[in-house]
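Number of protein chains: 2
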Amino acid sequence: MLSSEIDPALTVYQEEPLNAGTPLDRLCQRFTTPPSLFYARNHAPIPVIDQDAYRLSVVGDVNTPLQLSLDELRRNFPQETITATLQCAGNRRAELMAVKPMPGQLPWQADAIGTAAWTGVPLHAVLQAAGVSDSARHVAFTGRDVARLEGQVEAVTSSIPLDKAMRPEVLLAYEMDGAPLPHRNGAPLRAIVPGYVGIRSIKWLGEIRLQAAPSESVIQTHDYKLFPPQVEKEEADWDTGLVLDELSVNSAICNPADGAAVAAGAQRMSGYAMAGGGRDIARVDVSADGGATWTTADLLDEGSAWTWRLWQAELNLPSGSHQLVARAYDEAANTQPEQAAPLWNFAGYMNNAWHRITVNVL
Amino acid sequence: MLSSEIDPALTVYQEEPLNAGTPLDRLCQRFTTPPSLFYARNHAPIPVIDQDAYRLSVVGDVNTPLQLSLDELRRNFPQETITATLQCAGNRRAELMAVKPMPGQLPWQADAIGTAAWTGVPLHAVLQAAGVSDSARHVAFTGRDVARLEGQVEAVTSSIPLDKAMRPEVLLAYEMDGAPLPHRNGAPLRAIVPGYVGIRSIKWLGEIRLQAAPSESVIQTHDYKLFPPQVEKEEADWDTGLVLDELSVNSAICNPADGAAVAAGAQRMSGYAMAGGGRDIARVDVSADGGATWTTADLLDEGSAWTWRLWQAELNLPSGSHQLVARAYDEAANTQPEQAAPLWNFAGYMNNAWHRITVNVL
Chain A
1 MLSSEIDPAL TVYQEEPLNA GTPLDRLCQR FTTPPSLFYA RNHAPIPVID
51 QDAYRLSVVG DVNTPLQLSL DELRRNFPQE TITATLQCAG NRRAELMAVK
101 PMPGQLPWQA DAIGTAAWTG VPLHAVLQAA GVSDSARHVA FTGRDVARLE
151 GQVEAVTSSI PLDKAMRPEV LLAYEMDGAP LPHRNGAPLR AIVPGYVGIR
201 SIKWLGEIRL QAAPSESVIQ THDYKLFPPQ VEKEEADWDT GLVLDELSVN
251 SAICNPADGA AVAAGAQRMS GYAMAGGGRD IARVDVSADG GATWTTADLL
301 DEGSAWTWRL WQAELNLPSG SHQLVARAYD EAANTQPEQA APLWNFAGYM
351 NNAWHRITVN VL
Chain B
1 MLSSEIDPAL TVYQEEPLNA GTPLDRLCQR FTTPPSLFYA RNHAPIPVID
51 QDAYRLSVVG DVNTPLQLSL DELRRNFPQE TITATLQCAG NRRAELMAVK
101 PMPGQLPWQA DAIGTAAWTG VPLHAVLQAA GVSDSARHVA FTGRDVARLE
151 GQVEAVTSSI PLDKAMRPEV LLAYEMDGAP LPHRNGAPLR AIVPGYVGIR
201 SIKWLGEIRL QAAPSESVIQ THDYKLFPPQ VEKEEADWDT GLVLDELSVN
251 SAICNPADGA AVAAGAQRMS GYAMAGGGRD IARVDVSADG GATWTTADLL
301 DEGSAWTWRL WQAELNLPSG SHQLVARAYD EAANTQPEQA APLWNFAGYM
351 NNAWHRITVN VL
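Protein sequence lines correspond, in order, to chains A and B. Residue 309 in the working numbering sits at position 309 of the first sequence, with consecutive numbering throughout. Residue 187 in the working numbering sits at position 187 of the second sequence, with consecutive numbering throughout.
Do not rely on the hints blindly, as some may be mistaken.
[To be verified] Each computed DMTMM-like pair below joins lysine to aspartate or glutamate, with the alpha-carbon atoms no more than 25 Å apart: (1) K225/B <-> D280/A; (2) K233/B <-> D298/A; (3) K233/B <-> E314/A; (4) K225/B <-> D163/B; (5) K233/A <-> D289/B; (6) K100/B <-> D280/A; (7) K225/A <-> D301/B; (8) K225/B <-> D301/B.
[Stated by the list, open to error] Here are the in silico distance ranges between beta carbons for each label pair: (9) T32/B <-> A213/A: 29 to 37 Å; (10) E232/A <-> N316/B: 54 to 62 Å; (11) V231/B <-> G278/A: 21 to 29 Å.
Derived by calculation from the structure, the hints in this document are not laboratory data. Yeah, the Cβ is synthetic: ideal placement off N, Cα and C, and Gly gets one too.
Same shape as in the complex, but just chain A (with noise of 0.2 Å):
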């Protein structure tokens, strides 16, 4: 991977696999995060690929399985560009851990989350020209990345359903921002499943599985499930649990940063809000005082129903220490709840509580 592909700002939890998140203050400077700053959610080493040997296979349930070429995808399917941003189901984990410890775990902070314009072809128009048989319900994507998981050898592998495969945002995309995906972002082909948690946006992409059922990988049928507080990982029913696709509705205060201090008087606060599914953010919140009172902060203008939103609020903080909350609505009336403590699951997925900094005003 080339070095400029990343950034030295990053936060890195992990150099291997690479595992780093993006430092809030850039964040929310810009509504798309500069590819070099993207997040990085890897369980393998990154793949070293071919472009010119590279092809893409699908397979399973189809009339006529397809091995196509990147100049084939080109050249011969429409071309999009769908802006979207994507979200780790792991985001915001760090303060479920601080409730109880999950060992083996990546302590993401608000960080993995990001947004870019992602260019490619339209999932439905490729699986259209293979034909999907009646018996295909689902379809499961393969990248060139190989993990261990739970013991397991397996090429990282997730599925979402086929309805959502065919909706029109559904992307296999090659460019990120107008330019030739970066290395560490998936090149050459990499699945872009709006509204859904990142996993479903499989990097490296090698292969496209149309199945009656979900993937039987250990990504599918173990991980990114949402079991109950009561629920240690040793006595999971893996049968059980609730398969996570759409993203529950979130925010996160980008500046000021937990523990800042500032001067007393009026305090620009700033940040982003991301709901799943399609479901625009209706509405962010804003309280100098840990809920008790609000204001509404202003949500800028970008954004679509498969973007975050990013919004800006000012408070007049008196001196002393206050903590700052943000919490949003998406367009449905979902919001978040107060605290994270009864969202604590063993894997630590999906923390959406009320996002919670302390600043202390001098």
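Please build the complex by placing chain B on the supplied structure of chain A, with the hints as guidance.
Frame of chain A; chain B shown alone:
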């Protein structure tokens, strides 16, 4: 209205117009709510309609305005049955009113919800027969009931986006649970908009109007909008506020009753959970200690994307006073907030805080 249409067990909040809730112990006894026990939420006196003279008008941005008799609706269009839960946006308002009063509002308990099998004509079939103009973006339903709202007299009118109106689940219903629609439930014809707040399912439907913008009615422009806690009605900017369409995730305990005295030992709890927009309920958790520890409830078998799920759980209760809690997750991992206070809004909509009751264990 026939007296047989109203069960004396209903909790009457207002006689005229009739507003009444279903007793909680009856609500969760069966998957579908008996029509005579279905909650009644009215803004106006129930109109008297001559079914023989009745015509449904389809007007506005259409190629061919239609006037359809009930016979024509039955004979010339396909018939569908959809089981759907309706829930008023004011369900559980009483808990918000306990935080801060709301003069003039009806203090609904968790009783403004019910489920039925609705039979009628898919709305899209009627819209296709009329021919939707390119300019149309919204579909306004006007009832034959006439209300006095905010000092204005207007026929009860509410609109939904055209995209929703064209979906297969939206019906013009003339039957409820296999029998003619009862008078008080909207006969001869009502809209059924599954997954949306109840107000969009206009009863005693007289007119369907295709138009470029949402309805200008008081109900659309002032009521059924969600404002933040810090905004009082007198200062509301009516151009803002979240227009309530899809329902947020919610749940309630139906048994035991709040304040009940129960015997120590195994205690069965039952209740309902509902999510909007076609999202399934993924899980319901219950607690006997105010939410410190949890047990996962059993979701009963029946249910679809457009209905509630009934649930049961068994808790072992020692003697003393206990706070029992229920909370649900939907399939997008949205869950309920803990407390009602931060959800307070001047009109008292969309309270989906954890449902809490107190029982005295003897």
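Hints, one by one, checked against the model:
1. K225/B <-> D280/A: 16 Å, holds
2. K233/B <-> D298/A: 20 Å, holds
3. K233/B <-> E314/A: Cα-Cα ~23 Å, so holds.
4. K225/B <-> D163/B: Roughly 20 Å between the alpha carbons, so the hint for K225/B and D163/B holds.
5. K233/A <-> D289/B: 23 Å, holds
6. K100/B <-> D280/A: 29 Å, violated
7. K225/A <-> D301/B: Holds: K225/A and D301/B sit about 22 Å apart, inside 25 Å.
8. K225/B <-> D301/B: Given pair K225/B, D301/B is violated - Cα atoms ~34 Å apart, limit 25 Å.
9. T32/B <-> A213/A: 29 to 37 Å: With a Cβ separation near 32 Å, T32/B and A213/A satisfy 29 to 37 Å, so the hint holds.
10. E232/A <-> N316/B: 54 to 62 Å: Because 20 Å falls outside the window, the suggested range is violated.
11. V231/B <-> G278/A: 21 to 29 Å: 27 Å, holds
In this structure, the earlier hints numbered 6, 8 and 10 are contradicted, and the remaining ones agree with it.
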